[in-house]
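Chains A and B are the protein sequences, given in the same order. In this text, residue positions in the first sequence follow the numbering used here: the first is 1, and each later residue adds one. In this text, residue positions in the second sequence follow the numbering used here: the first is 1, and each later residue adds one.
These aren't lab readings, by the way, just hints derived from the structure by calculation. This structure is a prediction, so every number in the text was calculated from the model and none was measured. Fair warning: there could be bad hints in the mix.
The calculated EDC-like cross-link candidates involving lysine to aspartate or glutamate, where the alpha carbons are at most 20 Å apart (straight line), are [what the hints assert, rightly or not]:
#, chain 1, residue 1, chain 2, residue 2
1, A, Lys184, B, Glu94
2, B, Lys93, A, Asp18
3, A, Lys9, B, Glu197
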Amino acid sequence: MMRIAVVMKRILLEMIRDKRTLALIFIMPIVILSLVYILFNGETVSLKLGVIDIDEQLEEILEEMDVFVIEYKSDIDYKETVINDDLDGLLIFSTNDVELILQNNDPLRSDPLEMKIKQAFAARNQNELMEKIGSIPAGHEIEIDVQYIYGSSETEFFDVLSTILIGFFVFFFVFLLSGIGFLKERTSGTMEKLMSTPIRRYEILLAYLGGFGVFAIIQTVIVVLYAVYVLDFVLVGPFWLVIVINLLLALVALSLGTFLSSFANSEFQMVQFIPVVIVPQVFFSGIIPFETMAEWVQYIGKLMPLYYGGRALQEVMYKGNGLPEIANDLLIISLFAVIFILLNLLSLRRYRKV
Amino acid sequence: MEQVIAINDVYKSFDKKPVLQGIQLGINKGDIYGLIGPSGAGKSTLIKVMVGMETPDAGEVRVFDEKIPNLKVLHDIGYMAQSDALYGELTGKENLQFFASLYRLKKEERNARIEYVARLVNITADLNKRVSAYSGGMKRRLSLAIALLHDPKLLILDEPTVGIDPELRLEIWQELFRLRDEGKTIIVTTHVMVEAERCDRIALIREGKIIAAGTPEQLTNQYGAENLDQVFLKAGRGE
Chain A
1 MMRIAVVMKR ILLEMIRDKR TLALIFIMPI VILSLVYILF NGETVSLKLG VIDIDEQLEE
61 ILEEMDVFVI EYKSDIDYKE TVINDDLDGL LIFSTNDVEL ILQNNDPLRS DPLEMKIKQA
121 FAARNQNELM EKIGSIPAGH EIEIDVQYIY GSSETEFFDV LSTILIGFFV FFFVFLLSGI
181 GFLKERTSGT MEKLMSTPIR RYEILLAYLG GFGVFAIIQT VIVVLYAVYV LDFVLVGPFW
241 LVIVINLLLA LVALSLGTFL SSFANSEFQM VQFIPVVIVP QVFFSGIIPF ETMAEWVQYI
301 GKLMPLYYGG RALQEVMYKG NGLPEIANDL LIISLFAVIF ILLNLLSLRR YRKV
Chain B
1 MEQVIAINDV YKSFDKKPVL QGIQLGINKG DIYGLIGPSG AGKSTLIKVM VGMETPDAGE
61 VRVFDEKIPN LKVLHDIGYM AQSDALYGEL TGKENLQFFA SLYRLKKEER NARIEYVARL
121 VNITADLNKR VSAYSGGMKR RLSLAIALLH DPKLLILDEP TVGIDPELRL EIWQELFRLR
181 DEGKTIIVTT HVMVEAERCD RIALIREGKI IAAGTPEQLT NQYGAENLDQ VFLKAGRGE
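Chain A on its own, in the form it takes in the complex (with noise of 0.2 Å):
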């Protein structure tokens, strides 16, 4: 016990020392939530809709719309002007048709604005048989009462993605300093000399998971504090468990960091490991909806640990559910960390069989 405190402090010494590993861990995740924080939250810009031969009631609804209208004479080039002038479409009114010309650069422009314009026909259509039928009392509309069960309208994609990103960090710095650490410790011979002292092998890998763990705790701390009381996340569920998926997420990255750094003759081979294991688990960790994917690419995703821990995250922090409904995800999280654990013990005997 008192080889794990030595080897741990050790491994906590030298991350203080290294200043810049620190900012890493501690400052690099707060400035990307940050980013994404404000890429997802940029004003919506509204749609910019070119019109020709446009009746007035028409125009008058798509502008309460938030649509931006720009009336055009009729002898213009339509394709021209749109691509000139940065339309997102031109809507054309001859005598008896209405033709629309969408720029589509971004689908996620021409789709509302399609929407919008559409809407926009209904609702004119209907004033119009109002004003002739003229029984339904004019201002009487029907307000739809929307409840959510989780979030509210406020919720953006944001807010999932947020609570994703906590685990992926802790995952990701988890997983490339321990195994760099356990790598220098081999590459610089340290690991032989441990052993040549009677150190056991499993009082090295509880160091490293109890020097790590406490980086983690740290990181999760500042991360889910910065995150809920300075950029306003949704945290419904308690604290505390968000800390527990976390120390379990870094227990599977630490186990499976150290262990694939037994793969590895350099740091470079170690940062290689990225693309390998890192970024597939950011596809299934709920970023991209796991309900959608094809049943064969589903079981793939169940063979992540970020697949779940993205999962329990969600349900702590977004949906606000506690340790019972996460209970699954936990022990199968932790199942993954035993095994890792276990293959790393093995590695270790190529150093000493006992």
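Using the hints provided, position chain B relative to the given structure of chain A.
Chain B in isolation, oriented as in the chain A frame:
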């Protein structure tokens, strides 16, 4: 004479390339035993087999009459590898403290030992510098200090004096003589024949085999040679 190390018919190969081929070796308590041979002869592998970091493919290794690998025996072994196994981010003193704690030295004993071994290898003035700023010779000396730290009964040193200036090398050898006279057993590898002559007993190793063993005088007489260099040449030719 009490035998500290008994190596019985040890074979070891890496990737089918034989490195140790039937090593038979007994080392007595209170000897400075030199393993002499060119690089690649298998000296380091033989040493690692003694510490338990390499498992022989065949044969048996016993240290202090315990079968190797054995954790308990490691308490009594001071091992210095060929490469300096040091933590560059830490100071010399922190490195010493770290390893002293791994051997569970009590605080007062720890500080006394650190002071003693640091003075011995002449790095006291640089103890508070980070090891990454050390020169090659300083790192070597610190490694030696770490191996001596827990006052082990058996010292296993892989090329301990490489990169150390002649004056300090002499001091280190005087310390090794002193430790031997205290009853410690010391194993050193070297390919410098002058150092080999300072050993009580030597074994000449070549291509994974011990080609000759005995005291330096015995060997020079046996081969009718003037010095160990000639012994090595003659023994290698099989004369």
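Evaluated hints:
no., hint, in the structure
1, Lys184(A) with Glu94(B), "holds, 18 Å"
2, Lys93(B) with Asp18(A), "holds, 18 Å"
3, Lys9(A) with Glu197(B), "violated, 43 Å"
In this structure, only the earlier hint numbered 3 is contradicted, and the remaining ones agree with it.
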